[in-house]
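**Student:** Here is what each chain is made of, one letter per residue.
Number of protein chains: 2
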Amino acid sequence: MHVFFEPESVAVIGASRKINKAGHVIFKNFADNKRRGVFKGELYPVNPKEEHILGFKCYPSLTEIPGKVDLIVIVVPAPIVPGIMREAAAKGVKAAVIITAGFSEIGNHELEKEVTEIAKKAGIRVLGPNCLGVYDSKTGVDMLFLPETKVLSTGDEMVATPRPIAGNISIVTQSGAFGASALDFLAGRQLGISKFVSFGNKCDVNEAEMLEYLLYDDRTHVILLYVEGIREGRKFMEAAKKVTRVKPVVALKTGRTSAGARAAASHTGSIAGTDQIYEAAFMQCGVIRARDMEEFFDIGKALAYQPPAKGNVIGIITDAGGPGIMAVDECESRGLNVKKFSDETIQKFEELKKEGKIPKFATNLNPVDLTGSATSEMFEIATKILLDDPEIDGIIILGLHHLPALMEDFIDRVANLVKKYEKPAVACDIGETEMAMYIRARFDKHGIPAYGSPEDAARAMHALVRYGNYLRKCGCFEEYMEAFYKRKGVK
Amino acid sequence: MHVFFEPESVAVIGASRKINKAGHVIFKNFADNKRRGVFKGELYPVNPKEEHILGFKCYPSLTEIPGKVDLIVIVVPAPIVPGIMREAAAKGVKAAVIITAGFSEIGNHELEKEVTEIAKKAGIRVLGPNCLGVYDSKTGVDMLFLPETKVLSTGDEMVATPRPIAGNISIVTQSGAFGASALDFLAGRQLGISKFVSFGNKCDVNEAEMLEYLLYDDRTHVILLYVEGIREGRKFMEAAKKVTRVKPVVALKTGRTSAGARAAASHTGSIAGTDQIYEAAFMQCGVIRARDMEEFFDIGKALAYQPPAKGNVIGIITDAGGPGIMAVDECESRGLNVKKFSDETIQKFEELKKEGKIPKFATNLNPVDLTGSATSEMFEIATKILLDDPEIDGIIILGLHHLPALMEDFIDRVANLVKKYEKPAVACDIGETEMAMYIRARFDKHGIPAYGSPEDAARAMHALVRYGNYLRKCGCFEEYMEAFYKRKGVK
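Residue numbers (this note's numbering), protein chains in the order written: chain A, 1313 to 1803; chain B, 1313 to 1803.
Please note: incorrect hints may appear among the correct ones.
Intra- or inter-copy, both count: the list cannot distinguish identical chains.
[What the hints assert, rightly or not] Derived DSBU-like pairs: lysine-lysine, alpha-carbon spacing no greater than 35 Å straight-line: (1) 1547 <-> 1651; (2) 1333 <-> 1669; (3) 1731 <-> 1651; (4) 1554 <-> 1432; (5) 1757 <-> 1333; (6) 1651 <-> 1800; (7) 1425 <-> 1651; (8) 1669 <-> 1361.
These aren't lab readings, by the way, just hints derived from the structure by calculation.
A quick note: this is a predicted structure, and the numbers were derived from the prediction, not measured.
Please construct the entire structure, taking both the sequences and the accompanying hints into account.
**Tutor:** Rendered as structure tokens:
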């Protein structure tokens, strides 16, 4: 499996000099990354009609390449793929990514079967067909053939399919187009990824195997999985159970409704199955299911940045009453407990009021509302009190920047405290202009995931609670926490 | 009531030269808008300690102002507000906005009662106390005292509380801080507003009266209402019933859960009441309730841009299978009907396949999936077919820009068609980088509201269906449509 991500030698079958062709884009990705020193393997273009592509000697066929070839990326038309696979078998290729569409997804089951059988016999692992393939932010393997930029009719060039920064989220997706969207989303939100895998028709490698492989990938801390249907359910569950004890798996499973299932069937031929079965299966093997696309990414971010919660009691700090209530509502309707603070904690706030350190009329039952007079110091003190309260398992910090006295250093103060405890915290600032973006980015940089709405923050916290519950149930909470903080390099 | 929004003369009581004071920011807003020719009324600063503020002659007291004063904005400390109100009564002031906090929200019920009684006796209408007051994008009335920019410790200045562009959404909010966030959100998303009203403790003017006033405001096409509790329920319902027949009212009512209700009680002293009662009341009077903050804004945008739907059958066009399924799932789980297209419509798509005008393997049951080979022409043809299908009441267009052959002119083609029909359409492109933002903005400019996730687009369509249902039930659908298109200037 690692050949897909770290091949020592790659041949692009159907490499092209025509810039609009997938065979060009993919070969260029590899060539550019090789030139930059990111991709370290050997690289061979295969195309009988060309002598050179981007300065690389072009081979008329796979078998004529002098050196060994680990991995081939196939972008030639479907009907000639079986022939290529036979050559690959002869050449001793270990793995093949078939980007080409036109197989079972359009009813060409026979052709797909033929390819699968050649591969099986030769021991070649196959990703695809009908997929976007692999992107690895570290090794420079990049098969994304979608144009990185597009030129508008005005002549302006725009970023169209960006690559996110390197990080610790890996994406495994059945839908290639959704995968491309995910990259665009994560790039824009400054979320870093390790690996991206789109497996399309999954004639060989499927989600179960991919999960197991990612279990052993140190750079993957969280797995985001988009699926429309899972074929080998038992295998998937076995793999997922192993993985979720060590790293969180977040699933976006579409085809929830009967009309959605019908759409899924005509999209990838997936049998979506009864949604309750998936729901129960995910629950059982600790896969955290997201309700929609935004939650999918929001949860991924939360689990990548913060530890799971030890229980479901949430404390909320806010400088704005209304958004505080929104966070409470969303927490409670998701089954989290925003109960009144303990007498001891309430007493601590009362004393601060007497000392003039927080406003006399700050409410302090939960949420603690520092009111419009909130300052950085107040946020710091309040955060410390909630971190010290053993009854509270997670903290939501709503630091709306609009208030006059609140300076941006509240983020650093709060974050430095949070780092000293093993209690998860998430943050929110509302707004879509300069300062709101800055506040959220600064929280993110400190590893406190920040969201644009109180409800999104509450949903993120809900995921941290769900995952914590699961780990405790499995008896591997402590182990996870140890690994988590070791990875973060904090302890 | 119109004095709050279009006063002929305004006095700011507590105007200040100290730039950090609310009395300075508010006075400066008016002064700047007067200089720019936006605010056309007379302007008087009142402060016994100053002679001039920003070039305006300062008066030691309200009564010493020579001309008449329509509206006063009060930013002096709570204990001296009753004295100011007595002067206002003597001066013949028509309306007062009490920005000052420190009244019933912190238990000072007596003080608030005193102020309310003086006002009532003198016939002065009061907004507040404890509020952000009014912002009117046309008349230049701007009482927002939150700093428009903030200076970071690095010395960088950042936009902190922006003003949205002028438009047709009006915001009525009980929470000032949420109001500020809303302005920030709408500004960043390029959504235009007409009026913004924060009424805080609502000792006099409340949401019922404000709704009725906005009913007659031509520049307000949609009302976004944030409330934690409604005191005079019957009055509110009567007003809402009148308004919702003519323009949509979208409500974000927090305190849904018991913990949320407790938080609301300690925030604005609101008795949130049983949520089911609110739910039923909103339903009965045609107020469209949003489930969370993002939906609140998303729905507002949909209703501002598009007509309501005639029924609940939705057709979906996509170039990406996965996101298509997500849209179907969300539609169906909200009670919309994404049923299989009629035989006639399916036949039309089949013929296009034969003619090679859409890909042979495009699925066409609903969604119609144009696949990764989608072009602008295909989007145009598919949109026309769904617009022409009398069974379909609304269209969701998922135009993911990542695909190689899709050019941005598909937006213009689709939008020009949509404009010719009385059928609502909403759009989606996924991504948070350059081209995704551009695609959504271009749809928005054409009046087709665009969203960043398929589920958000489905929720927006759901609101258009809900509102259409309500209007039909009231027998005023046709009337609304006529007014809608008259406003748009299309017919």
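**Student:** Now tell me if each hint is right for this structure.
**Tutor:** Status of each hint after checking the structure:
1. 1547 <-> 1651: Close across copies (34 Å), not inside one copy (41 Å); limit 35 Å.
2. 1333 <-> 1669: Cα proximity of residue 1333 and residue 1669: across copies only (21 Å, versus 65 Å in one copy).
3. 1731 <-> 1651: So residue 1731 and residue 1651 pass the 35 Å test inside one copy only (24 Å; across, 51 Å).
4. 1554 <-> 1432: For residue 1554 and residue 1432, only the intra-copy Cα distance (26 Å) is at most 35 Å; the inter-copy one is 70 Å.
5. 1757 <-> 1333: between (38 Å within a copy, 33 Å between copies)
6. 1651 <-> 1800: within (31 Å within a copy, 49 Å between copies)
7. 1425 <-> 1651: between (58 Å within a copy, 33 Å between copies)
8. 1669 <-> 1361: Cα proximity of residue 1669 and residue 1361: across copies only (30 Å, versus 77 Å in one copy).
Consistency note: the structure conflicts with none of the earlier hints.
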